[in-house]
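Chain order of the listed sequences is A and B.
Going by our numbering, the first residue of the first sequence is number 1, and it counts up by one from there.
Going by our numbering, the first residue of the second sequence is number 1001, and it counts up by one from there.
Source of the hints: derived by calculation from the structure; they are not laboratory data.
Every residue gets a Cβ at the ideal spot worked out from N, C-alpha and C, and that includes glycine.
Restricting the straight-line Cα-Cα distance to at most 30 Å, the calculated cross-link-like pairs of lysine-lysine (DSS-like) are:
1. B:1067 with B:1044
2. B:1036 with A:70
3. A:70 with B:1041
4. A:73 with B:1040
5. A:73 with B:1044
6. A:78 with B:1041
7. B:1044 with A:78
8. B:1041 with A:73
Not everything, but these chain B residues come out facing chain A in the computed CB check (under 8 Å):
9. 1042
10. 1088
11. 1099
Listed below are the residues making up each chain.
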Amino acid sequence: AQTVTQSQPEMSVQEAETVTLSCTYDTSESDYYLFWYKQPPSRQMILVIRQEAYKQQNATENRFSVNFQKAAKSFSLKISDSQLGDAAMYFCAYRSYAGGTSYGKLTFGQGTILTVHP
Amino acid sequence: DTAVSQTPKYLVTQMGNDKSIKCEQNLGHDTMYWYKQDSKKFLKIMFSYNNKELIINETVPNRFSPKSPDKAHLNLHINSLELGDSAVYFCASSQGGSGVLFGQGTRLTVV
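With the rest of the complex left out, here is chain B (with noise of 0.2 Å):
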């Protein structure tokens, strides 16, 4: 019954690579976001969705591109991959003034 379920939990590519996290929520909520926790541990929204509708895109590098079939998936792909791009990425949902809720964290490492 987990809410917030993101794919894979480890990844592992070289740099140059293309590469995509899935991620799905069972909550019934409008709102999805993508967060990247770098190497201090320091969060940070890259993007939302609410209702499918692309709402904040935080200056993140066009090699980035999220998109959302529906409201219940947010996926994230990376194109050309840097090492500079290692990092945790969150993916994360809310429905109106509730916490928002992670799933479990993809650590990207690019070699």
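Bound conformation, chain A alone (with noise of 0.2 Å):
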């Protein structure tokens, strides 16, 4: 079974200033995709950036980019410029590539609170 592991309970970041979120994951799988989701106090969850493994290049959504190292299996989020609006819960995903009985699943980290200070 796959297992998401976020070793930073809480992180704090300046307005304007960047700051990285660490993810690590166990799998035997060569095909997966990976996820960061944000869920503010509204409780809504909202995706990110999404990876798929078999890309060698990093995913980046405007201020939002990762770092992934698939051999070291490792996935960091980072984010630049921090805005008031990234304060959020930020969690880690794994999802297995394609069908089987895991199909769809994601597989959560334990979550890291992102504080921004003005």
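Both chains are sitting in their own frames, so use the hints and assemble them into the complex.
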């Protein structure tokens, strides 16, 4: 079974600065997807970024980018130019590539609470 | 133009009652899910349906019964509610390898 670990329960950053959230995972699969989700106090789960394991290029979405290290099974999220609205809980998640009894299932890490200071 | 919508957003009920949470997606996705977020914010899958067929049932008590009348709807019925069922329940959907998109969540409180 796959596991996802977020070792930072809490992180903080000054507005306009950069912060990196860590995530490691364990799997025996070679093809899979990785995601970062944001959960603000409104509790809505918002998809931030998606990475396909077979792609070497790191995904980027505006101020959000990832550092995907497949061999190290590491998937960190970098938030540049942090804004007050980035304050939320961030979850790293793993998903098998396709098919089988785990079809579509997301396995989540424990979450990291990000505080943004003005 | 809400993509995944679930109702109600809040549900407060007494132990022993039966309740349902409804979910609908207008994205044309083939796969729908129910996830549970506990008091420590940990998220775990409960059920997954693909084209109305149950694919995943993650050792959830049989008091929880999902029903998918069509691929756009996945409802969750809970019998004989217990205090430990208090949590936030999320409906979600996906298509192929796309990101899983979540509804707004239903906060269930059992008193």
